[in-house]
Amino acid sequence: MTDATDKTYRKIKDLPLEEEVAPGSPLCAGCGGLEGLRLAEKVLGHNVVYSNAAGCFTLMSIFPFNPLRGSWLYTTMSAPTATSQGIRDALDIRKNKYGMPESEDLQVMVIAGDGSTYDMGLSPTSAAIHRKLDFIYFCYDNQGYGNTGFQLSASSPYGSHTQTAPPALEHPAGAEQESKDIFEIWKAHNPVYLATVTPREPVDLANKFAKAKTLKGPRLFICLAPCPTGWGFDPSLMHQIAKLAVDTGIFPVREYFEGKVTHTKIPRKRVPVEKYLELQQRFRHLFEPKRQDEIIAHIQQKVDDYWKPYE
Amino acid sequence: MEGTVNRRMLTGNKAAAWGARLAGVDYVPAFPITPQTEIVETLAKWFAGGEMTGKFTNMDSEHSMFAAAGAAAATGVRVFTASSSQGILYGMESLYTVTGWRVPFVMVNVSRALATPITLEPDHNDVLALRDAGLVQFHAETCQEVLDLILIGYRVTEDPRVCLPVLVNMDGFYLSFTREPVLLPDENAVREFLPPFKAEQPVFQASTPQARASAIFGGSHYSYFKFQQHLALQKAGDVFKEAAREFADRFGRSYHALEPYRMEDAEYVFVMSNSFATKGKSAVNKLRQKEIKAGLLKLVQVRPFPKKELAKALAGKKRVAVIDQNISLGSGGILFPEIAAALYPVQDRPETLLPVVGGLGGKDILESDFDAIIDRLDKGDATAPLLLYNEHDLAQFRAMQKIAGKTEEVLS
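Protein chains in written order, with numbering that gives the first Met the number 0: chain H, 0 to 310; chain F, 0 to 411.
Honestly, the hints are just simulated from the structure, not real lab data.
Please read these numbers as outputs of a predicted model, since none were measured by experiment.
A couple of the hints might just be wrong.
Output of the computed footprint for chain F on chain H, the stretches with three or more beta carbons under 8 Å from beta carbons of chain F [as the list claims (entries may be wrong)]:
| id | stretch |
| --- | --- |
| 1 | 48-59 |
| 2 | 70-78 |
| 3 | 84-92 |
Covered by chain H, per the in silico footprint, the following chain F stretches (three or more residues, Cβ under 8 Å) [what the hints assert, rightly or not]:
| id | stretch |
| --- | --- |
| 4 | 18-31 |
| 5 | 46-54 |
| 6 | 66-73 |
| 7 | 210-222 |
Ideal Cβ placement from N, Cα and C applies to all residues, glycine included.
So that you can see chain F by itself, here it is in the shape it has in the complex:
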């Protein structure tokens, strides 16, 4: 079973680094960006000190880094890398390219809101910009989940049915720099769960010359490759189930595409993801004390999008609020329409499905915000997204404007 378990206080970043180390990663191409840097610094030390073997390469940008990561994976070694925010956007062209190469690796994104204005704290516009890029996405709520999902992620990405990169997401600051108790599984036990990488696809070497990612002319052949990629990404959901089941047997922690919290008799449901789900669970408990039957549905697997599971989990729930910690400017939350689409074929779908946008740039979501959401759900008014921004926030901003020399008159 579990072997020796080592319990430590680790930040999310340290947990991610431990995930890569326990996975026996051979190669890390790296580039620093707050709040991710601690991950690659930790790995750099371990490669330098011999705790990890292979190679750590300091790259010149995220664009170069993801290209190197994909190319190394295509050459047959186990690869890990990490980035955040602007780095994701800068590297996006390479990410789309390497998913088309059909190569396995695991990357961590430490969510940080996008410029401009430039800021450091999290929301999910960075990771959701990769929504359509062809990566498997798991979003973590705790430091333990970061580590575990990396280990499970290698099983998914390296499965010949998938061969697409896996991204594990955590929130900057809330997880990246927050120490939590983390159980470090025994290295030998991990090696049984995740044997050393053996590429199933041909890799670059003299005996197997190959042309990869050749140009395609004509939509028909292009469609073939893209649909194949889509089907492989869909399949990753089943592969995740298998790997997570085995992980649970070996290490005693279960992971699923969705995690329900006090959902059985819930009349109000918050759909959330990442570290703020912890705030949501706490709000559920407080509401329950006030005899309000609230529950929470946490989205763990964002790609492939777990439509069936969502439909099943939310069928029969009357009032559901989708709290998007991101914003598609000019539309609203990014996940809301996906959830609405998943519910459309469901007979007893929610009467009220409320879009909520909050937590942008790491802005806290308070108990009073959850109260406001319940209030809005009771009113059944779901025509426009509820933007979590209150009088107090505005007053604080006005104070800043005063310091900047702007008068009330100019502002109004």
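Chain H on its own, in the form it takes in the complex:
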């Protein structure tokens, strides 16, 4: 657990009342990623310029509407960090060479999905962390290429159904590989700050952004984004599924800071993974028409293995 003195916010009532993300964006009802962004921006405020990779969140800004109080720049699917680099460099030049007042400065922030983050945008992000770019990266991670109708991404979990890795007789699991461990990959770059967050833990999320706000350099966030359309659940279940992701231990809520990984929410008694799986259409094939015990057991084992060192 993080040290209590670290915490800017102790309970949900402490979070800022101001909204930076207005309601009524064209994103899906029950989008966990949008809720995560809404909470993050409450902390970051509106002096933010978002660099957006092609993905679901691109639909937040459809001419002439935009629900954000900050600035927005749509860029290519793989260059949101490079775009942030250009903006950051230019703001620094204007401050250092032309005396731009601090009050004009902006927090540069990438908004990208897991498709961009884990796959084609990985190399530019690696380079930006290596350059110690002063920016925030917000990955809304719904574990698939959601905006195109939910195809397999490198974040899609083993045993899940996606449009391009559908379960079949010869391939009963659907996705047959484990998801790429982006947390470890990014951690290996030694960024200033790295955290996973979920909309179900708003105080934890807000405290992490509050901490990131005080730091300079690459500050990276992976936000679990339960996805009603891609995962197949009623939008009203978003928070329940986000809660189960934490309570089952499937989604470790953690941060990496000053060389150390800390779990900021540890599920005391882990709920069996199938309680999380059975609520989602993308895992339906693990239960119907025939229960696939081996695959469910494999998923459970992986979670147990992860937590073993911390028990």
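Chain F: place on chain H using the hints.
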């Protein structure tokens, strides 16, 4: 007028770097690629040494580099960058994206033929792949032109009527690594011609929040933005004329969309661009010695395409050969159909308009090639492109194949 003029022997790459330095560039996102690398190496040294101020950032690819260049321009600083060949293709998605952002910067492309097979010497398939991307394009014949067109380019790109990036092209090796005498204009004189960048469009800063490049649904709104971009690019032709006129007044060197060479009484015309235009001019002189009235029309401004000027320059010329140093596989030269289209409405358009493709991968265009072009023009046979590749070239290739162990029988 001119102030102190500094005359130096410079490669095309060094001239390009000087162009950026004299322009007072604030920001250079960079990525190396032969034959461009000397430009960014030179700039890196100047930023490190304090001769240039702002920031030089080593990027991870051309795709990232052009995104950073566009984003910095949208944030209100003067940006320069450079690339070549595969780098242009790798960065193409970003280039299309940033032209849609409507941001000003100048980039240099050092032409190099495209893979595969991979090679280093120039042709123009790289730069002409950007034909439709929404950049202003100026193609340089000499190292002096590289420098001057960069300075004029900043006036064009930063003009509120344009707000589109400017690309200055030079040939790899023939210019990039060839030292020529270059007049370096006085920095103060340049500053009068090109004051420090002051963005006319809103830039990213706290006091002016903006959404840029939002998604569009429906062809109607999309068409509005694209036509607006097209009209701005057309307008860049007029802005270039104004800026070039002022440049000529201040520095004594004139630039136009087209440069005619011995065209007045020419009966044969070669249309060419870039450094090989020098070879073309030399061929014109040799042909003139043989009483053949040849002339040359050099294409400087490739985008916006100078249709009217071309029509005017070529009206009444009977025999015209368009020498494309590029190839659209399955069609022929890339510029030929554009020139033909420009001439179509002209009453006294050329009787023979011959498509020629040569100089691929830096292959020399020889005097004998120009003779062959004259010959073909006399015959009036312009049905298929004349591909410049002769018996000697083939013999050399056969020799290579022999070394590779292929026998004549297998080849034929």
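Against the structure, the hints:
1. Only when three residues or more bring their CB closer than 8 Å to a CB of chain F does the claim for the stretch 48-59 of chain H stand; here the count is 4, and the claim holds.
2. Residue count for the stretch 70-78 of chain H with a Cβ under 8 Å from a Cβ of chain F: 8. That meets the three needed, and the coverage hint holds.
3. A count of 8 residues in the stretch 84-92 of chain H with a Cβ less than 8 Å from any Cβ of chain F is obtained; the coverage claim is therefore met, three being the minimum.
4. For a cut-off of 8 Å, the count of residues in the stretch 18-31 of chain F with a CB near a CB of chain H stands at 3, and the three-residue condition holds.
5. For a cut-off of 8 Å, the count of residues in the stretch 46-54 of chain F with a CB near a CB of chain H stands at 3, and the three-residue condition holds.
6. For the stretch 66-73 of chain F, the stated coverage by chain H is satisfied: 8 residues place a CB nearer than 8 Å to a CB of that chain, which reaches the threshold of 3.
7. Look at the stretch 210-222 of chain F against chain H: 8 of its residues bring a Cβ nearer than 8 Å to a Cβ of that chain, three or more, so the hint holds.
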